[in-house]
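K.L.:
If you want the building blocks of each chain, they are given just below.
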Amino acid sequence: MKTQRRGWMGMLGYHALMLAISAIFLLPFYWMAISAFKTNAEIFSNPVTWFPDPIRWDNVTALLARDDFPVVRQFFNSVFYAGTVAVLVVLSCSLAAYAFGCLRWRGRDLVFGLTVCALLMPTIVTFLPIYIAWSRLGLTGTYWPLITPFLFGDAFFIFMLRQFFMGVPRELMDAARLDGASEFRIWWQIVLPQVRTALVIVGLFALVYTWNEFFLPLVYLREREDLPLSVGLFTFQSQRAAEWAASMMGALLTALPMVLLFLFTQRLFQRGLSTTGLK
Amino acid sequence: MGAVRLSGVRKLYGAVEVIKGVDLTVEAGELVVFVGPSGCGKSTLLRMIAGLEDVDYGRVEIAGRDVTEAPPARRGVAMVFQNYALYPHMTAFDNLAYGLRRAGVPRDEVTRSVRETAAMLQITELLARKPGAMSGGQRQRVAIGRAIIRKPEVFLFDEPLSNLDAALRVEMRSQIARLHHDLQATMIFVTHDQVEAMTLADRIVVLNAGRVEQIGTPREVYHAPANLFVAGFIGSPAMNLLPATLGPAGVTLPSGIVLGGRRGAGEPVTLGLRPDRLLLAEENETQLTGLATLVEHLGDESILHLVAGDGQKLTVKLRGDAPVRIGETVGLRLDLGGACLFGADGRALPQG
Amino acid sequence: MPDEATLTGAGPPPRRNRRAGRGEARAGVLFALPWMLGMTVFVLIPLVLTFYIAQARFQITGPPKWVGMQNYEVLWADPAFWRSAQNTLLYAAISVPLKLVLALGLALLLNRATALSGFYRTVFYLPFLMPAVAGSVVFMLLLTPNAGPVNVILEALGFSPPDWLLDPSVALWTLILLSLWPLGVETLVFLGGLQNIPRDVSEAADLDSPRAWHKLVFVTLPLITPMILFNLVIGIIYSFQVFTQAIVIGGTTGTPAESTLMYMVVLYRAAFRYFNMGLAAAMATVLFAAVLVLTLLIFRTARGWVHYEGESR
Chain G
321 MKTQRRGWMG MLGYHALMLA ISAIFLLPFY WMAISAFKTN AEIFSNPVTW
371 FPDPIRWDNV TALLARDDFP VVRQFFNSVF YAGTVAVLVV LSCSLAAYAF
421 GCLRWRGRDL VFGLTVCALL MPTIVTFLPI YIAWSRLGLT GTYWPLITPF
471 LFGDAFFIFM LRQFFMGVPR ELMDAARLDG ASEFRIWWQI VLPQVRTALV
521 IVGLFALVYT WNEFFLPLVY LREREDLPLS VGLFTFQSQR AAEWAASMMG
571 ALLTALPMVL LFLFTQRLFQ RGLSTTGLK
Chain L
-13 MGAVRLSGVR KLYGAVEVIK GVDLTVEAGE LVVFVGPSGC GKSTLLRMIA
37 GLEDVDYGRV EIAGRDVTEA PPARRGVAMV FQNYALYPHM TAFDNLAYGL
87 RRAGVPRDEV TRSVRETAAM LQITELLARK PGAMSGGQRQ RVAIGRAIIR
137 KPEVFLFDEP LSNLDAALRV EMRSQIARLH HDLQATMIFV THDQVEAMTL
187 ADRIVVLNAG RVEQIGTPRE VYHAPANLFV AGFIGSPAMN LLPATLGPAG
237 VTLPSGIVLG GRRGAGEPVT LGLRPDRLLL AEENETQLTG LATLVEHLGD
287 ESILHLVAGD GQKLTVKLRG DAPVRIGETV GLRLDLGGAC LFGADGRALP
337 QG
Chain X
37 MPDEATLTGA GPPPRRNRRA GRGEARAGVL FALPWMLGMT VFVLIPLVLT
87 FYIAQARFQI TGPPKWVGMQ NYEVLWADPA FWRSAQNTLL YAAISVPLKL
137 VLALGLALLL NRATALSGFY RTVFYLPFLM PAVAGSVVFM LLLTPNAGPV
187 NVILEALGFS PPDWLLDPSV ALWTLILLSL WPLGVETLVF LGGLQNIPRD
237 VSEAADLDSP RAWHKLVFVT LPLITPMILF NLVIGIIYSF QVFTQAIVIG
287 GTTGTPAEST LMYMVVLYRA AFRYFNMGLA AAMATVLFAA VLVLTLLIFR
337 TARGWVHYEG ESR
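Protein chains in written order, with our numbering: chain G, 321 to 599; chain L, -13 to 338; chain X, 37 to 349.
Honestly, the hints are just simulated from the structure, not real lab data. Be careful, since some hints might not be right.
Mimicking SDA-like on lysine to any residue, the simulated pairs with C-alpha atoms at most 25 Å apart in a straight line are [said to hold, decoys possible]:
| no. | chain 1 | residue 1 | chain 2 | residue 2 |
| --- | --- | --- | --- | --- |
| 1 | L | K116 | G | T460 |
| 2 | X | K251 | X | L144 |
| 3 | L | K116 | L | A49 |
| 4 | L | K116 | G | R516 |
| 5 | X | K101 | G | T460 |
| 6 | L | K116 | G | W425 |
| 7 | X | K101 | X | L125 |
| 8 | L | K137 | L | L107 |
| 9 | L | K303 | L | A224 |
| 10 | L | K6 | X | N53 |
| 11 | X | K101 | G | W464 |
| 12 | X | K101 | G | W454 |
| 13 | X | K101 | G | V539 |
| 14 | X | K101 | X | M72 |
| 15 | L | K116 | G | V539 |
| 16 | X | K251 | G | Y334 |
| 17 | L | K137 | L | T30 |
| 18 | L | K6 | G | F395 |
Facing chain X, from chain G, some residues (calculated, C-beta under 7 Å) [said to hold, decoys possible]:
| no. | residue |
| --- | --- |
| 19 | A416 |
| 20 | Y418 |
| 21 | A419 |
| 22 | L423 |
| 23 | G433 |
| 24 | V436 |
| 25 | A438 |
| 26 | P442 |
| 27 | I444 |
| 28 | V445 |
| 29 | P449 |
| 30 | F535 |
| 31 | F554 |
| 32 | T555 |
| 33 | A571 |
| 34 | L576 |
Here a beta-carbon is modelled for each residue, glycine too, at the ideal position from N, C-alpha and C.
Build out the structure end to end from the sequences listed, making use of the hints.
P.N.:
This is the structure:
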């Protein structure tokens, strides 16, 4: 009886603590959301308003009407950029991950070792010559430099996918070899169906990473109409520092798609994470 | 059905030689079991026959054809894997049909073959199911079906029973024996379980560290092990191996007690005796004594573990009701009827 | 009885068979080919070129001019280089361990099944999905003096909050605080490690000692050292490259008073404001060397404190 009560009290304390921590983690989201629906004056009013009253719904239309922050255009830029990269990553990385995770060939461990090194290497160390090359080709200001590399694969996502490919039993491939399937057919008909979920997971991660990518589009793109939302928000915020309500609406618009996507697919995300950390 | 002939087969991983030259013929229609401790190379050897591993040196012939460098599907072999290796995303029907389709067999013939095979193995009602919705035994049957349907020269089994529970394992074992009888097919079966080896095999190949230690019928391997390794590996509980010498009056124990039998000029030998050849001694016939450290009661028999004075461990198989307790000193008599003798090089001395 | 004697004996060495039996080796190379090409073009060659550019005067347009070590000499004399390096090191040295400890604490708290576990996990993971730009902008607003909710709460609790964004002695700490918010990845990696601890090991520890901290120190922590290593290496590499948060909060000059001036910001400035590719490349090589040395050092010491379970795959 007594221990039961203590367990019950402990549970209450635990949840009180966890909810308090959760509140701290959620505060920025909440503040972003409510500030997006306030006027600038209300944002800086003292005492603080914890709930906008009235909710300034017209902030939405006001933002859409601005020509110094073409959010709709930039939203679709982000969709195009992140979507294309996600598709390319799934295609190209599943080839290499299969070679690393399922096949035995001479030089595999060396190439994979280099891949891990590439994964740990700071981007900037290889970036400048690549930038100069694109610039010489006259392709800065377009999405080519942002997308083309993913045609060939990406060290991080290859690493992640390989973990899943390694889980496919070798016997399955051997059985297919005995059944007379070609190596390409084994990849396509036997192995890929086993890692379908993994492909979706990696696609989702690529989508999120690319949606949030900042440095590359900042450097490669120039025109406001070409920017993805992440850089568009930065440009707007640094040029119109006083317009907080609009900035917050922009931030909300930038963050919301990924948050929603995550809420609908979080089980997959968490499975993806557990594979990157181990090993 | 074809024979399998290996000559001088070797396999290296880098500088490490895992198969150190194997010569072996499996006759047409024979069921041969590869047995050995884990890491002995038995699975590797099987996979080399299947074409799943390169044969670095030597030749592999199947049904009189040199297939050393042929891809797996062109060797006329079919394999049943340890974990079944059924394609999880395909129905049993598609699992059976996959190999035939790859071989370009016409559609209606594929369907006919699948139906026939399924009927034979009584898995017709499973054809629309995927492996995930089947029990272990059902999966096993589908896996066998996938092997049968291709009408191979040779069937290869890679420890296919090791993941089944004990009861099912016995049932599947008898099913494979029946299959072998019905199809009169050449079969090679890999296992680490010597009961499986003894019950299934026409002949047993005992492997150790990449070498063949002995090839023979289950009786030969059990009663006349070719060397100390086979003697220690085959049989459970294991054979007792006692140091002895060949004296002028016959086999002599270190204690000086003469057991008789083969004579010699004092050469050191190892005397091998199955646990059922050690008997509880009557008063004056004690040839060996030991302290009972453990008695395992198995019902109709008991296994008695002893330590002799010189630290030698002994195992004795007794009747179930044998009156021995832990801590007792037990006197033993040795029955040389089924004894084996091994020379200093570990090889069996010719019997008789 | 056939045996091996015939083979191991003398005689001409047997012919080694061709490896035609297995298409797997060829397939492996073919499947990896696009990536090997990509890695060569987008990683290996640029890496070499960076070291070359670092020894040249190069303005993107026009040919590079070989100047030897001059760029490094310029760097050596550049106060912004030293200031940013110092800021970045301090940032990494505080942010990474703090984040590891917090993430581990959260993971330990999360490592029990309750009705709300899924909710907590989601909440802790959400900040990671927030684009860094948006997160930084929101933080600026949260930390506004007078009207920001953080200060309002702190004042209500009796603290006198600092001027987060304008006080040069505090601004770097604000960046560190911002870096602690998205710790969901680290937390879930740790949680994965905790949940991988076999139940019998955990129960054995409970039986061995009734004190919870005994289990934490002697059982739990040693078993998740691989995850600690992983988070530590990744954390250091990424915090050395901190850019987005720094440029949103401090601009390209590291306001206030260069206190938030980060290494990557100075590098970015050199390359894309002043178009001094040579100098930027020299900075990149220094970063490369720093990351390389630190990573090697960590892996070197890791042998002493990271525990890998033999049989876990």
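K.L.:
Run every hint past the structure and note whether it holds.
P.N.:
Hint-by-hint comparison with the structure:
Annotation: proposed proximity of K116 (chain L) to T460 (chain G) is violated, straight-line Cα distance about 52 Å (limit 25 Å). Taken as a hint, the K251 (chain X) and L144 (chain X) pair is honoured in the structure, with Cα atoms around 12 Å apart against an allowance of 25 Å. Taken as a hint, the K116 (chain L) and A49 (chain L) pair is broken in the structure, with Cα atoms around 34 Å apart against an allowance of 25 Å. Using a Cα cut-off of 25 Å, the hinted pair K116 (chain L) and R516 (chain G) holds, with the two alpha carbons roughly 17 Å apart.
Pair hint K101 (chain X) plus T460 (chain G) holds up; C-alpha atoms about 23 Å apart against a cutoff of 25 Å. For the proposed pair K116 (chain L) and W425 (chain G), the alpha carbon gap of about 32 Å is over 25 Å, so the pair is violated. Between K101 (chain X) and L125 (chain X) the CA atoms are separated by roughly 32 Å; this puts the pair beyond 25 Å, and the hint is violated. Distance hint between K137 (chain L) and L107 (chain L) is fulfilled; the C-alpha atoms sit about 14 Å from each other, no more than 25 Å.
Of the pairs offered as hints, the one joining K303 (chain L) and A224 (chain L) holds, with about 11 Å between alpha carbons and a cut-off of 25 Å not exceeded. Under the criterion of a C-alpha separation no larger than 25 Å, the hint pairing K6 (chain L) with N53 (chain X) is consistent with the structure, at around 15 Å. Of the pairs offered as hints, the one joining K101 (chain X) and W464 (chain G) is violated, with about 28 Å between alpha carbons and a cut-off of 25 Å exceeded. At roughly 20 Å between alpha-carbon atoms, K101 (chain X) and W454 (chain G) fall within 25 Å of each other, so this suggested pair holds.
This hinted pair checks out: K101 (chain X) and V539 (chain G) have alpha carbons roughly 24 Å apart, not beyond 25 Å. Between K101 (chain X) and M72 (chain X), the direct Cα distance comes to roughly 31 Å. Violation of the 25 Å bound is thereby established for this hinted pair. Taking the CA atoms of K116 (chain L) and V539 (chain G), the gap is near 52 Å; set against the 25 Å cutoff, the hint is violated. At most 25 Å may separate the alpha-carbon atoms for a hinted pair to count; K251 (chain X) and Y334 (chain G) meet this at roughly 20 Å.
For the hint pairing K137 (chain L) with T30 (chain L), the CA-to-CA distance comes to about 23 Å; that is within 25 Å, so the pair holds. Taken as a hint, the K6 (chain L) and F395 (chain G) pair is broken in the structure, with Cα atoms around 65 Å apart against an allowance of 25 Å. With a cut of 7 Å, the hint placing A416 (chain G) at the interface with chain X holds, because the nearest CB-to-CB distance is about 4 Å. Because the smallest distance between the Cβ of Y418 (chain G) and any Cβ of chain X comes to about 5 Å, under 7 Å, the interface hint for this residue holds.
Given hint, A419 (chain G) at the interface with chain X, holds; its Cβ is 4 Å from that chain's nearest Cβ, closer than 7 Å. Annotation: interface hint on L423 (chain G) holds; nearest CB of chain X at approximately 4 Å, less than 7 Å. Restraint check, G433 (chain G) versus chain X: the minimum CB separation of about 11 Å is more than 7 Å; hint violated. At about 11 Å, the closest approach between the beta carbon of V436 (chain G) and any beta carbon in chain X exceeds 7 Å, and the interface hint on this residue is violated.
For A438 (chain G), the shortest C-beta to C-beta distance to chain X is roughly 5 Å, which falls under 7 Å, so the interface hint holds. Taking 7 Å as the C-beta contact cut-off toward chain X, the hint placing P442 (chain G) at the interface holds, the least distance being around 5 Å. The interface hint given for I444 (chain G) holds, since its Cβ lies 5 Å from the closest Cβ of chain X, which is under the 7 Å cut-off. A hinted interface residue such as V445 (chain G) counts as satisfied when its beta carbon comes closer than 7 Å to some beta carbon of chain X; here the least separation is about 4 Å, so the hint holds.
A hinted interface residue such as P449 (chain G) counts as satisfied when its beta carbon comes closer than 7 Å to some beta carbon of chain X; here the least separation is about 4 Å, so the hint holds. Interface hint at F535 (chain G): satisfied, since its Cβ lies 6 Å from the closest Cβ of chain X, which is below the 7 Å cut-off. Taken as an interface hint, F554 (chain G) checks out: its beta carbon lies about 5 Å from the nearest beta carbon of chain X, inside 7 Å. Look at T555 (chain G): its Cβ only gets to about 10 Å from chain X, farther than 7 Å, so that hint breaks.
With a least beta-carbon distance of about 4 Å to chain X, the hint placing A571 (chain G) at the interface is held under the 7 Å criterion. Violation of the interface hint for L576 (chain G) is found here, the shortest Cβ-Cβ separation to chain X being roughly 10 Å, above the 7 Å cut-off.
Checked against the numbered hints given earlier, this structure breaks hints 1, 3, 6, 7, 11, 14, 15, 18, 23, 24, 32 and 34; the rest are met.
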